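Peer 1: Dock chain B against chain A, hints included.
Protein sequences, first through last, are from chains A and B.
So for the first sequence, the working numbering puts the first residue at 8; every next one is plus one.
So for the second sequence, the working numbering puts the first residue at 428; every next one is plus one.
If you are wondering where the hints come from, they were derived from the structure by calculation, not from laboratory data.
This one's a predicted model, so the numbers in the text were calculated from it and none came from an experiment.
Just so it is clear, CB atoms sit at the ideal spot from N, CA and C, and this is done for glycine as well.
There's no promise every hint is true.
[Claimed, not checked] Derived Cβ-Cβ restraints for the label pairs, each shown as a range:
no. : chain 1 : residue 1 : chain 2 : residue 2 : range
1   : B       : Q452      : A       : I58       : 40 to 48 Å
2   : A       : L90       : B       : G485      : 38 to 46 Å
3   : A       : S36       : B       : E468      : 25 to 33 Å
4   : B       : M507      : A       : Q80       : 35 to 43 Å
5   : A       : P15       : B       : S492      : 38 to 46 Å
6   : A       : A47       : B       : M507      : 30 to 38 Å
7   : B       : T524      : A       : P21       : 46 to 54 Å
8   : B       : E468      : A       : E29       : 16 to 24 Å
9   : A       : Q52       : B       : A466      : 16 to 24 Å
10  : B       : S494      : A       : T17       : 27 to 35 Å
11  : A       : L90       : B       : S535      : 43 to 51 Å
12  : B       : F456      : A       : S8        : 24 to 32 Å
13  : B       : N448      : A       : T17       : 32 to 40 Å
14  : B       : I444      : A       : A47       : 43 to 51 Å
[As the list claims (entries may be wrong)] To list a few chain A residues with every Cβ distance to chain B over 10 Å, as calculated:
no. : residue
15  : E33
16  : E66
17  : T124
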Amino acid sequence: SQTIHQWPATLVQPVGSPLSLECTVEGTSNPNLYWYRQAAGRGLQLLFYSIGIDQISSEVPQNLSASRPQDRQFILSSKKLLLSDSGFYLCAWSGFSGLAGLSGANVLTFGAGSRLTVL
Amino acid sequence: GQNIDQPTEMTATEGAIVQINCTYQTSGFNGLFWYQQHAGEAPTFLSYNVLDGLEEKGRFSSFLSRSKGYSYLLLKELQMKDSASYLCAVWRKQAGTALIFGKGTTLSVSS
Chain A
8 SQTIHQWPAT LVQPVGSPLS LECTVEGTSN PNLYWYRQAA GRGLQLLFYS IGIDQISSEV
68 PQNLSASRPQ DRQFILSSKK LLLSDSGFYL CAWSGFSGLA GLSGANVLTF GAGSRLTVL
Chain B
428 GQNIDQPTEM TATEGAIVQI NCTYQTSGFN GLFWYQQHAG EAPTFLSYNV LDGLEEKGRF
488 SSFLSRSKGY SYLLLKELQM KDSASYLCAV WRKQAGTALI FGKGTTLSVS S
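The following block holds chain A by itself, in its conformation from the complex (with noise of 0.2 Å):
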């Protein structure tokens, strides 16, 4: 069975700092690969995603940028934080996992989250 790692869970950093978000898929290979945002009583927003390797499309322009760098690993970072970047960071993954039954659809899949507190 397919299972997707991210950490750390939870974090603290000051403004300008620089930041690195790690997440794994395991159990599938080329998996599409897909970093979420959700801020603080708003709805998930869309940050990147990535269908192989160092291929890598940014939805919406800011600070932070995303690199994969093997099959089955995406990584977030950012080289200053924002007091904007705050908010609940998701990974995912999407691929024909069967949780759909025979549909055989495409399910989006999501890491536990990481929690990001820019102060």
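Peer 2: Okay, now just chain B, sitting in the frame of chain A:
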């Protein structure tokens, strides 16, 4: 592009039935998903509709009408643990495939 609308909040009592509506506009439909998200946790998959009609999974059912761009999630025999946010989402087929979410409906179940 995609536009997904759902009510912000709903309240209900234990044992009752609640229906959470979702309307969407999307170019290129490839299925509608419902996710449940408890406070402080990641969303988890609930249901998926790609054809019109009702999909039933225990106490939860989801309905889809593609011609109307409309879906609903029906929760029966409500329990306190059903208090959560319910997210409606559709796959985007242009500018890269990705699941686009509505802002979610926060359901509060009281005794």
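Peer 1: Determine for every hint whether it applies to the structure shown.
Peer 2: These are the hints, each one checked on the structure:
1. B:Q452 / A:I58: 40 to 48 Å: At roughly 25 Å between Cβ atoms, A:I58 and B:Q452 fall outside 40 to 48 Å, so the hint is violated.
2. A:L90 / B:G485: 38 to 46 Å: holds, 43 Å
3. A:S36 / B:E468: 25 to 33 Å: Holds: the Cβ-Cβ distance is about 27 Å, inside 25 to 33 Å.
4. B:M507 / A:Q80: 35 to 43 Å: Holds, at about 39 Å.
5. A:P15 / B:S492: 38 to 46 Å: The hint (38 to 46 Å, Cβ to Cβ) holds, given that A:P15 and B:S492 are roughly 43 Å apart.
6. A:A47 / B:M507: 30 to 38 Å: violated, 24 Å
7. B:T524 / A:P21: 46 to 54 Å: violated, 37 Å
8. B:E468 / A:E29: 16 to 24 Å: holds, 19 Å
9. A:Q52 / B:A466: 16 to 24 Å: holds, 18 Å
10. B:S494 / A:T17: 27 to 35 Å: violated, 45 Å
11. A:L90 / B:S535: 43 to 51 Å: At 30 Å between Cβs, range violated.
12. B:F456 / A:S8: 24 to 32 Å: holds, 29 Å
13. B:N448 / A:T17: 32 to 40 Å: Given about 34 Å between the Cβ atoms, the range holds.
14. B:I444 / A:A47: 43 to 51 Å: At roughly 30 Å between Cβ atoms, A:A47 and B:I444 fall outside 43 to 51 Å, so the hint is violated.
15. E33: Holds, because the least Cβ-Cβ distance between A:E33 and chain B comes to about 17 Å, which exceeds 10 Å.
16. E66: violated, 8 Å
17. T124: Consistent with the label, A:T124 stays out of reach of chain B, its closest Cβ about 13 Å off (over 10 Å).
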